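**Student:** These protein sequence lines are chains A and B, in that order.
In the numbering used here, each residue carries its 1-based index in the first sequence increased by 321.
In the numbering used here, each residue carries its 1-based index in the second sequence increased by 321.
Just so you know, these hints were derived from the structure itself, not from any lab.
Copies of one chain are not kept apart here, so a pair can be met inside one copy or by any two copies together.
Cut-off 25 Å, straight-line C-alpha distance, at most; resulting in silico cross-link-like pairs (DMTMM-like, lysine to aspartate or glutamate):
| id | residue 1 | residue 2 |
| --- | --- | --- |
| 1 | LYS610 | GLU470 |
| 2 | LYS324 | ASP530 |
| 3 | LYS511 | GLU439 |
| 4 | LYS618 | ASP508 |
| 5 | LYS627 | GLU469 |
| 6 | LYS493 | ASP625 |
| 7 | LYS610 | ASP586 |
| 8 | LYS572 | GLU385 |
| 9 | LYS324 | ASP576 |
| 10 | LYS351 | GLU439 |
| 11 | LYS557 | GLU385 |
Every value quoted in this text rests on a predicted model; they were computed, and no experiment measured them.
Number of protein chains: 2
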Amino acid sequence: MNKIAIVGYGTTKFSREEIPVESLLLNATKSLFDQNPNLNQKDIDAVLVSTNDNTKYLSAILSELAGIQPKTAHTVESLCNSGTNSVVSAYSYIASGLADVALVVGAERRNSPGQILEWDNSRGEFKHPIFWGTIFTKAHKRKFGTTEEDLATVSAKNHKYAHDNPNAYSNKIYSVEELMNSKILTDDLKVSDCSRPCSGASAVLLVSDKVVKKYSDSPVWINGIGQKTLSASFTKNQDFSSMSSTREAAKIAFDMSHLDPIDIDIAEIHDAFTVCELMAIEDLGLVSKGNGAKFVKTLYETEDRKINPRGGLIGTGHPLGATGVAQIIETTQQLQGTAGKRQIENAKVGLVHNMSAAATSSTVLLLQS
Amino acid sequence: MNKIAIVGYGTTKFSREEIPVESLLLNATKSLFDQNPNLNQKDIDAVLVSTNDNTKYLSAILSELAGIQPKTAHTVESLCNSGTNSVVSAYSYIASGLADVALVVGAERRNSPGQILEWDNSRGEFKHPIFWGTIFTKAHKRKFGTTEEDLATVSAKNHKYAHDNPNAYSNKIYSVEELMNSKILTDDLKVSDCSRPCSGASAVLLVSDKVVKKYSDSPVWINGIGQKTLSASFTKNQDFSSMSSTREAAKIAFDMSHLDPIDIDIAEIHDAFTVCELMAIEDLGLVSKGNGAKFVKTLYETEDRKINPRGGLIGTGHPLGATGVAQIIETTQQLQGTAGKRQIENAKVGLVHNMSAAATSSTVLLLQS
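Go ahead and model the full structure; you've got the sequences and the hints to work with.
**Tutor:** Structure follows, in structure tokens:
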């Protein structure tokens, strides 16, 4: 079986601007080519596009725009974790021997059709994600005594870290107090608790161990993959204060890689809402259940970037199809020691956590330098 | 490396009716479960949906409706060859060890957004596929002297074979003369030259050799896979009388399987328009270039079902995301000897040819019993 490494990446800035999805895809791809002088269009066996956009045939369109004539080419969609699912698909094309070099590009326009959960009648009329965010928050507060200050601390931390991410949607630093006075949207959520839709694209290059030397002296290996879909409906969740699909995906990924939560040096967490960061670090086993807020407070006060060093979805923005890919890029940079001001010292093992639709499905990846 | 077999299938009827995509997906899946008593929902590691529908998160929705909680779940889209590309993706998940059992379900509503080629400005205002169908036909006529009768013979043959396909859109038999009097749509195409959009869904079950015995005594193995994307734009084609992507995909598939065109007992060909069947059987090497029409005439006159035994896209209908899956089902039934009235005697090797958007991309699969 081929081993699979990430050897290149490229990204656009994440922004409020309305940009055509084709331009987003091409610009992230250009950025990847610019950073990988040894990469030739002819090398690329597979082009996978991750998006919720309604435009069809985007992998062929991107391929033509970028001068690539791949064997495998298609779009992958699974809402907010389309990005990591595309990377897992690219992994499988390489591991199975159908490809040696695969390009994955995630892109989303700010007004993506993936933002409204049209299908889930169990939500009644509340189809915007903010409603499940609210119920999660209410449940976590009730069960673990989570406070508004705890939530604001997640947001303050992620905004602070995003300050050093040149591609982030927001580069402003806010105090916990400022965020606690942010505009109230629902009973339990303020503007500052929410990740924001934006336009953006991110690309990664995956290769087999057979050809890895041509592309990188510091490959980052994908050693653990966990995916789990429990339902499509929010209300199938048994317990709104934890994410079952995340727990199951993490178990699969840790088992596959023979790693444990204690081995993790850096984790990219899907903080769609502030409470999601707390829930996920608990459900991934990085801290015990109910201790998420205390842990995040310590990280914030000590400027420890272990969780969401690029600023998370809250600081960086959340262009749905690009998010999982962007999380993988940050983890790759951290493990390669090229994350600049955001660098965590001596990071060897990274975790990526990406999920969809109230954590009805989750993906967990474990990467190693 | 795991070997991968097709061990089950299910389908809906293809029809003019407007049916919600969720119902189509579920009905094909139910049909598959009905025919595979040893299959349990818990066995399924991956659920891939093939469609051009704009509805998001369909793999999770189908999984929930069908009581499946898979690891891998996402939608695959690459226009008209989404079906075969999804099956190749499922193959790679199993070959790579990430899954042992994968369900692929292709579905399309009659009014699919995949039917209009919005992106290709090289077509000017002619965004409906019939315009590339016309130009292909014109080019093939000019180069090889193809006649209206040759084209009508393809349609008459495929309608005749569809008569014995209970799931086909059309079960009417027409004479060549009748079809030559069919309504004229463009300079070179009549209604009878065109495959028709319809609602329909088809599902296949893929498994690794490790677990194959649980599900089938007559597995059909995927031994050759060829995929090629040359462009997204019709006018990038150098020669409108042949399909370069089909030739390249066929070469890759034949090389992988160590099979040759002469080994093929039955072929499912993507006859989006009548001329496409002629071009494809030539470009796949089943006959030499320019001899397609003569070959099809002989098949028709001798009732030899070697090409498109279920009636092709023209007789069966073309629900975009389902088509490639339906082609694989027919080939599987032929190789298992369960195709009933449509059965080709002693079929051992089958070929599936599926393509998108004026053959700007093609997939070729080689299956063996």
